[in-house]
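Q: The residues making up each chain are set out below.
Protein chains: 4
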Amino acid sequence: MDLAGLIEEITADAAHAVDRGKVADYIPSLGGVDPKHFGIAIVTADGTVHKGGDADVSFSIQSVSKVFALTLALGKIGETLWRRVGVEPSGSAFNSVVQLEAEKGIPRNPFINAGAIVVSDVVLGGSEPREAIGDILRFVRFLSGDESVFIDSEVASSEEQTGFRNAALANYMRSFNNMEHDVGGALRVYFHQCAIAMNCTQLALAGRFLMLDGRHPDTGRAVVSAVRARRIMALMLTCGHYDGSGEFAFRVGIPGKSGVGGGILAIVPGKASIAVWSPGLNKRGNSHLGSEALERLAAATNWSVFTP
Amino acid sequence: MDLAGLIEEITADAAHAVDRGKVADYIPSLGGVDPKHFGIAIVTADGTVHKGGDADVSFSIQSVSKVFALTLALGKIGETLWRRVGVEPSGSAFNSVVQLEAEKGIPRNPFINAGAIVVSDVVLGGSEPREAIGDILRFVRFLSGDESVFIDSEVASSEEQTGFRNAALANYMRSFNNMEHDVGGALRVYFHQCAIAMNCTQLALAGRFLMLDGRHPDTGRAVVSAVRARRIMALMLTCGHYDGSGEFAFRVGIPGKSGVGGGILAIVPGKASIAVWSPGLNKRGNSHLGSEALERLAAATNWSVFTP
Amino acid sequence: MDLAGLIEEITADAAHAVDRGKVADYIPSLGGVDPKHFGIAIVTADGTVHKGGDADVSFSIQSVSKVFALTLALGKIGETLWRRVGVEPSGSAFNSVVQLEAEKGIPRNPFINAGAIVVSDVVLGGSEPREAIGDILRFVRFLSGDESVFIDSEVASSEEQTGFRNAALANYMRSFNNMEHDVGGALRVYFHQCAIAMNCTQLALAGRFLMLDGRHPDTGRAVVSAVRARRIMALMLTCGHYDGSGEFAFRVGIPGKSGVGGGILAIVPGKASIAVWSPGLNKRGNSHLGSEALERLAAATNWSVFTP
Amino acid sequence: MDLAGLIEEITADAAHAVDRGKVADYIPSLGGVDPKHFGIAIVTADGTVHKGGDADVSFSIQSVSKVFALTLALGKIGETLWRRVGVEPSGSAFNSVVQLEAEKGIPRNPFINAGAIVVSDVVLGGSEPREAIGDILRFVRFLSGDESVFIDSEVASSEEQTGFRNAALANYMRSFNNMEHDVGGALRVYFHQCAIAMNCTQLALAGRFLMLDGRHPDTGRAVVSAVRARRIMALMLTCGHYDGSGEFAFRVGIPGKSGVGGGILAIVPGKASIAVWSPGLNKRGNSHLGSEALERLAAATNWSVFTP
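Chains as they are written, first to last, in the numbering used here: chain A, 1 to 308; chain B, 1 to 308; chain C, 1 to 308; chain D, 1 to 308.
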């Protein structure tokens with residue numbers, strides 16, 4: 001079956017799925033999203049865009065943004081970032097403080113909340129939070145080639161008002177001198193970055209540089225070096241789905257990063273940049289139908305990184 | 001540079017390395033191994049074998065054997081194994097009991113000791129330990145096509161006499177009903193499997209079926225299905241180097257499994273099956289020079305699974 | 001109200017209690033005990049014995065025996081015991097291995113299972129398990145002045161057949177060299193000591209030496225020094241009720257040691273040695289009605305150690 | 001020997017002690033204190049005050065203040081406090097977040113930092129931080145009968161500027177809805193309460209109500225009920241010395257509360273209220289010479305709560 005037919009089939013089946021997982025409800029703006037949504041967009045290496053379902057409906061990308069913020073932070077301070085953040089799967093929940101205590105304020109990887117907050121601190125640097133937020137937004141627009149990507153200020157403001165756990169993580173790392181700038185400012189950057197709104201098409205476009213060994217498809221110029229692109233994908237594969245990362249690697253076999261908004265960005269090196277979205281989450285906090293769609297897609301296309 | 005030249009260069013540099021890590025010394029038979037050893041063997045998809053250094057000196061493969069025992073156990077009971085063992089990186093040391101307590105006797109993955117002991121329990125089944133040990137040995141000989149692979153009974157016996165931590169893990173899982181057969185028998189199987197002695201050439205040959213999507217190169221017949229081969233490699237990538245798995249994926253980018261004897265088996269899907277050996281370990285318990293050699297090899301050949 | 005009247009009232013109310021907790025059922029011999037039982041015996045400093053309810057019905061004293069085994073072990077090797085066992089409340093469940101891992105095989109205190117197993121190893125010494133078990137039984141008979149105290153061999157044998165968690169703890173400590181004798185032998189001693197059967201009267205009599213600053217009431221001679229008696233009571237107060245120890249100190253205010261058979265031995269220094277028994281346990285694993293009876297008794301008599 | 005002679009001897013020996021522990025240095029105002037200081041004051045039941053060494057030199061009482069703040073909070077909301085704070089020893093360090101995660105934001109007891117911050121939140125109530133701080137200071141002055149007790153604003157301000165770990169704890173509990181008022185305000189109250197400066201004489205006087213079953217010696221009126229006084233002392237005995245509480249109960253045998261300023265308040269029910277101070281801390285964070293002095297004093301006077 002060709003890719004278009006496969007997408008059509010997956011989308012049709014998703015429409016009838018009974019078990020759709022549970023929509024995140026820790027803030028009203030997320031809790032109110034209709035669980036019926038399902039969207040998918042695939043950009044292949046030749047630039048073709050395949051779409052299914054709600055591929056053009058915007059959603060809150062949440063933790064998927066950690067891929068872009070990490071890329072930006074690495075651009076700012078390079079590999080010295082890894083003195084402050086690890087590259088190991090955490091083995092515990094996304095917002096756990098237990099590991100931070102044992103490892104003296106060094107988060108296990110840049111995709112758990114604590115690690116992403118350190119990344120926000122790096123992106124903040126000596127700037128005002130507003131400038132840093134602007135930098136991230138501009139970068140994501142540049143990657144997707146779409147100026148209509150925006151930050152949902154209602155989501156950002158809800159996150160900020162309820163984000164005590166993240167404030168705890170930030171203060172905790174500050175007590176180990178692993179936050180260099182204003183804790184409140186870094187949190188502000190973090191909450192706004194999580195509130196970026198994109199649709200599947202935009203998200204799949206934004207992921208093209210990873211599929212292409214670091215190069216931007218429009219210019220052919222390196223967004224990051226090939227080595228860095230591969231390392232970011234390695235982190236996505238080992239740490240991209242919280243404490244369900246091993247299972248995603250096991251079942252799907254391609255690097256991906258999920259968010260509690262129900263989005264997942266998945267990359268098949270040299271072949272495809274894929275974005276799926278369905279708001280209901282499985283018990284690990286990853287999109288339930290999104291994970292299933294990717295497993296089916298990978299199986300049908302042989303798109304595992306472990307395929308000869 | 002061609003592969004032969006690269007191997008020559010890596011081997012020559014390894015010979016002069018000053019920091020060689022620390023040889024495991026918890027049993028005398030391992031502690032007495034000369035840290036000067038370094039061997040490498042690469043079997044490429046066409047069947048060519050490239051060797052360097054001590055590629056034909058036998059060593060104790062230790063935890064590398066977990067790949068073969070897992071394959072055998074999956075052959076026996078199929079995917080039901082995953083009711084008793086997880087597929088997530090552990091985030092803690094290879095012999096930790098902390099995770100087992102929190103997760104009620106279900107080991108996080110089949111490559112930490114607790115998980116491998118459950119695998120041994122499956123391989124044991126209703127048989128005598130001697131038979132199960134024979135099954136594993138025959139399977140490894142079959143995979144490598146070399147009948148001279150053997151079990152070092154001195155190592156096995158040392159492990160058995162000092163393996164109280166593993167006995168603790170087994171009894172602990174037994175208390176959660178996650179050991180179905182005699183605890184002592186399963187441990188016996190486990191200790192003997194870890195004591196398999198192979199050289200790099202044999203080990204690289206034994207890994208060919210993973211490189212070839214599950215097929216044995218000599219017969220073209222499936223040892224395991226393609227899906228299973230990919231899943232085993234996914235586990236190797238996310239969990240194959242204890243709590244240094246993330247870093248190995250990050251730096252080397254190919255699935256690998258290490259052992260405290262200093263061996264590592266690494267697979268480049270469709271391209272190569274690689275075995276390296278150097279007895280000195282880094283602080284995560286993985287071969288120090290072996291890891292470095294693989295990082296260099298992968299960089300020079302672009303053999304990352306994340307390469308387009 | 002006098003003590004006799006108070007006991008009568010407490011016993012009568014216990015007979016009508018609706019919520020009686022949950023009888024331990026991990027072995028059949030315990031699970032089959034009638035939850036309707038309630039017994040209490042108080043020996044005051046002048047030697048008078050006050051009884052209520054099933055004061056003369058035997059039950060499995062289980063962990064209450066840890067007080068006697070500890071006393072015996074201290075008699076054998078003195079304060080050097082504290083190099084192998086701590087004196088701190090554990091902050092976790094009675095059979096947890098987490099703390100053992102963090103503290104390298106040194107149990108937090110002698111009243112959690114791991115600590116009691118080290119104590120058994122000390123009592124075992126170079127003897128045969130049978131001899132050590134005999135030593136403990138003779139010691140308890142001597143303290144209570146009653147030769148009819150016995151070991152319930154059915155209970156001992158059930159514990160031995162299902163005690164995998166304790167076997168895990170013992171092997172784990174052995175791996176840290178904190179078991180000096182045969183692991184199986186020490187466990188045998190431990191399981192038999194837990195299977196001692198006594199009634200409340202015998203148990204209260206056995207506790208007299210603690211009430212009397214270490215002296216045996218019949219001879220006036222020291223069973224232990226005054227300092228040691230006080231230290232044992234300090235351990236009972238801080239660690240005697242698993243992770244409900246703080247609450248027992250808070251509510252009752254006297255040193256006590258509970259067992260999953262539903263017994264509690266509590267000591268009011270210089271005033272009383274008290275044994276209560278009711279098989280139903282609260283969620284911390286301590287006798288539900290027993291704890292309540294002691295709280296009421298302590299309140300009515302002002303028998304807290306914190307009373308001026 | 002009489003008490004005066006004993007105090008003289010203890011003070012003289014303390015003057016010559018070589019190992020004095022390590023002065024807390026996380027803020028300059030504490031780090032600069034001369035480790036040579038040693039003071040002791042004992043108020044006996046008849047009101048006599050015995051002093052030794054630097055009994056009249058002020059120091060930062062730090063966590064000793066938690067006893068007074070707890071008493072005040074219980075006065076405000078009564079036993080409902082225990083819905084928000086436990087009464088169990090923590091089994092981990094004073095500022096650990098691990099336990100908070102496992103127990104969903106309910107601190108183990110009111111004497112670890114997290115618990116004391118909840119207590120501060122209660123004392124704060126709907127007031128301004130300044131008013132709540134005034135309430136605590138007035139209460140301590142009332143208990144000691146000395147209006148010269150003061151808050152060292154330099155210490156308070158240092159604590160506030162470096163207290164990121166405590167801010168993490170507070171935000172963390174806020175995320176579990178276990179902080180009812182402004183997090184910043186509650187922290188302000190907490191930091192000021194810890195900065196109360198007293199000398200040993202004042203501190204021993206402030207502890208009299210606990211020695212006297214809750215009554216203020218000057219008026220004979222109840223500061224708290226007898227039951228509450230005993231419960232506070234039970235908490236001091238089981239939780240008053242961080243993760244060295246068990247050892248203090250074991251060696252000294254009386255309820256005490258220590259602070260990182262090197263002070264300890266210890267109560268012998270009906271007999272004495274004792275304050276010692278020596279700035280050097282042992283590895284558990286409790287005054288090294290202070291603990292030793294109390295052990296010696298308790299041994300010489302038989303002042304254990306476990307003495308008949």
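Derived by calculation from the structure, the hints in this document are not laboratory data. Be careful, since some hints might not be right.
[Said to hold, decoys possible] Straight line, CA to CA, 25 Å or less: simulated SDA-like cross-link-like pairs of lysine to any residue:
#  : chain 1 : residue 1 : chain 2 : residue 2
1  : B       : Lys51     : B       : Leu137
2  : D       : Lys283    : D       : Pro28
3  : C       : Lys271    : D       : Pro28
4  : D       : Lys104    : A       : Asn282
5  : D       : Lys76     : D       : Phe139
6  : B       : Lys283    : A       : Gly185
7  : A       : Lys283    : A       : Gly185
8  : C       : Lys271    : D       : Arg20
9  : A       : Lys36     : A       : Arg251
10 : C       : Lys104    : D       : Thr301
11 : D       : Lys104    : C       : Val98
12 : D       : Lys104    : A       : Lys76
13 : D       : Lys51     : D       : Arg20
14 : C       : Lys22     : C       : Gly5
15 : A       : Lys104    : A       : Ala197
16 : D       : Lys51     : D       : Pro28
17 : C       : Lys104    : B       : Ala24
18 : A       : Lys76     : B       : Lys104
19 : A       : Lys283    : A       : Lys76
20 : B       : Lys104    : D       : Glu103
21 : B       : Lys283    : B       : Lys104
22 : D       : Lys104    : A       : Ala197
23 : D       : Lys22     : D       : Phe164
24 : B       : Lys104    : C       : Val98
[Said to hold, decoys possible] From the structure, some residues in chain C lie toward chain B, with a derived Cβ separation under 8 Å:
#  : residue
25 : Leu3
26 : Ser96
27 : Glu101
28 : Ile106
29 : Phe150
30 : Phe164
31 : Arg165
32 : Ala167
33 : Arg215
34 : His216
35 : Pro217
36 : Thr219
These numbers were taken from a predicted model, which means no experiment stands behind them. We put the beta carbon where it would ideally sit given N, CA and C, even for glycine.
Q: Compare the structure with each hint and give your call.
A: Verification of the supplied hints:
no. : hint                : verdict
1   : B:Lys51 - B:Leu137  : 24 Å, holds
2   : D:Lys283 - D:Pro28  : 20 Å, holds
3   : C:Lys271 - D:Pro28  : 50 Å, violated
4   : D:Lys104 - A:Asn282 : 22 Å, holds
5   : D:Lys76 - D:Phe139  : 13 Å, holds
6   : B:Lys283 - A:Gly185 : 36 Å, violated
7   : A:Lys283 - A:Gly185 : 31 Å, violated
8   : C:Lys271 - D:Arg20  : 39 Å, violated
9   : A:Lys36 - A:Arg251  : 24 Å, holds
10  : C:Lys104 - D:Thr301 : 37 Å, violated
11  : D:Lys104 - C:Val98  : 19 Å, holds
12  : D:Lys104 - A:Lys76  : 37 Å, violated
13  : D:Lys51 - D:Arg20   : 20 Å, holds
14  : C:Lys22 - C:Gly5    : 28 Å, violated
15  : A:Lys104 - A:Ala197 : 34 Å, violated
16  : D:Lys51 - D:Pro28   : 29 Å, violated
17  : C:Lys104 - B:Ala24  : 19 Å, holds
18  : A:Lys76 - B:Lys104  : 44 Å, violated
19  : A:Lys283 - A:Lys76  : 35 Å, violated
20  : B:Lys104 - D:Glu103 : 18 Å, holds
21  : B:Lys283 - B:Lys104 : 29 Å, violated
22  : D:Lys104 - A:Ala197 : 31 Å, violated
23  : D:Lys22 - D:Phe164  : 22 Å, holds
24  : B:Lys104 - C:Val98  : 13 Å, holds
25  : Leu3                : 43 Å, violated
26  : Ser96               : 6 Å, holds
27  : Glu101              : 6 Å, holds
28  : Ile106              : 15 Å, violated
29  : Phe150              : 28 Å, violated
30  : Phe164              : 4 Å, holds
31  : Arg165              : 4 Å, holds
32  : Ala167              : 4 Å, holds
33  : Arg215              : 41 Å, violated
34  : His216              : 39 Å, violated
35  : Pro217              : 42 Å, violated
36  : Thr219              : 43 Å, violated
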